[in-house]
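Just so you know, the sequences run in chain order G and E. The opening position of the first sequence corresponds to residue 1 in this note's numbering, with each subsequent residue numbered one higher. The opening position of the second sequence corresponds to residue 1 in this note's numbering, with each subsequent residue numbered one higher.
These are calculated hints, taken from the structure and not from any lab test.
No farther apart than 27 Å at their CA atoms in a straight line, the calculated lysine-lysine pairs in the DSSO-like style are these:
1. LYS4(E) with LYS367(G)
2. LYS126(E) with LYS390(G)
3. LYS149(E) with LYS367(G)
4. LYS46(E) with LYS35(E)
5. LYS165(E) with LYS6(G)
6. LYS390(G) with LYS110(E)
7. LYS4(E) with LYS35(E)
8. LYS110(E) with LYS12(G)
9. LYS75(G) with LYS89(E)
10. LYS371(G) with LYS89(E)
11. LYS371(G) with LYS320(G)
12. LYS12(G) with LYS164(E)
13. LYS165(E) with LYS12(G)
14. LYS110(E) with LYS233(G)
15. LYS35(E) with LYS367(G)
16. LYS196(G) with LYS303(G)
17. LYS46(E) with LYS233(G)
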Amino acid sequence: MEKLTKEQIHPKILETLLADTNITVDDALENEMVLNMGPQHPATHGVLRVLLRLDGETVISSVPELGYLHRGYEKMAENMSYYEFIPHTDRLDYLSPMANNVAWVLAVEKLAGIEAPPRAQYIRMIIAELARIASHLVAIGALAMDVGALTVFLWTLREREKILDVWDILCGARFTNSYTRIGGVANDAQPEALAKIRWFIDQFEENMDECERLLNSNRIFVERLDGIGVISKDDAIDLGMTGPSLRGSGVEFDLRRNTPYLFYKDMDFRVVTYNEGDALARYFVRADETRESVKIIRQALDKLPGGDVLLNQPKKVLPKKTEIYSRMEELIHDFMIVNFGINPPEGEIYSAIEGSKGELGFYFVSKGDGKPWKCKIRSPSFVNLQSLSKLINGHMVSDVVAIIGSIDPIMGEADK
Amino acid sequence: MDIKDLVVSKLKEKFPEINFETSEFRDELTVSFDKQNIVDVCRFLKEDPELEFRLCEDVTAIDWAARKNRFTVVYHIFTLKHNFRLRLKVPLIGSEESDWSVDTVTTVWKSANWAEREVYDMYGIKFAGHPDLRRMYMPEDFEYYPLRKDFPLMGIPGSLSLPKK
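Take these sequences, add in the hints, and give me the full structure.
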């Protein structure tokens, strides 16, 4: 962090930062100063920049600055087919790429009016929940590291490694998976992968207990988060927060329950809520949610039906490779889909799933071509970050890192 | 009563002078109306005890690449009471740069703040009365609006200034 002078800040940002007073920044005798945090700062979880106006060590006001990772994904989506964009969704929330893949194909399927076979939907549900566990493990570990407990980070990453191994078997990639396809998933889940998932969920809860024991009985950890960054129920809804950050304020809002997609309505799980609304509550929500995810995965594995994992509708989704090589019609459809896209009907849809950070939604406007006319990514990190100023104002500088860690923003998603 | 019928009938009852156009696609309700009424309609939808659209999920815009009525601003709002999502659309009538503006809804939902900044950044649509209308992603001195259809995919060379040495 560095102290800034007036010349180093853009006038419009300065205006926002100094909205209610007329202090000058470069006067050393004043007891207020402006501090620059990020974009290269280990505790900002990526390239988030926050300008802090301080009185001593207390934050009086703050202005978050986004856009350091802006790659223009919405523009790119308008210029490529629905299939071509699947790998790009991996790069949105890069800690849970599988969930983004699922969100994208569910949106495209809604637009095209098709539905994947049940087995594919169950596999999607399993991988989306695994992605949630993987993401929450990083969130918990990084939050603990931000407030000084390094060991937990290593322990949660050890658990996450096992999930990445599952993804390695499942689709051949550990990070950028691109596993789902429109109308199903790329390949059936191998028996090895399913066995590994079952092994993982069987041993996970015990290991999670260990990680939690390290934190919950750690006085420094608890005291640094307890009562820090409190946001009330109404404020959290008004600021558009979703996901664990909202549920930490006692709002029972979870799209898996409120607007069920896939087969979540058949699953038995609890929507975790805590009423305190502080950083500690948001940590508790994440920790409990990993257990609920394990419950969902176990039920989904038990109920996993047989059958196809890819829709057999060559006019609407890519046909199987064996049929392309042996049948004329399928070859023609494959050529048309690869070159011109799937051409969903004219219309507009919004489809959202409960991602690990909150509501991850896609809004499409289709003019009937292979490319979306308009694609809007409603990313949870972007909207959750909006509450940052409200959360950190009035707290100490050292609380800022704890609060950023507790709302768990991923800049790849916030900056799109 | 179905929530869709409830929303439409309540809107028509409360604002008889406004012409609401409704459409449905894939079980989603879209309501379009004139931009002059956006704040009143939003405030009514949020505060009516039978509807309670308290969550503004998203504000975005569509560039139709047409000479007339080029832009449409789109709002997605959600009611926790009925678990229902409603889409509001306001077309910006006119072909001049000065027509591309609409009243802000930050007075109704605070979450519209950054969403509207993003729309301004990407499409150049002004939100009258917005408390802090700065660019969201692009640098302040960037002159173009990247999501407009006339902005090339490859970008414009030299449009992003390099840092001073």
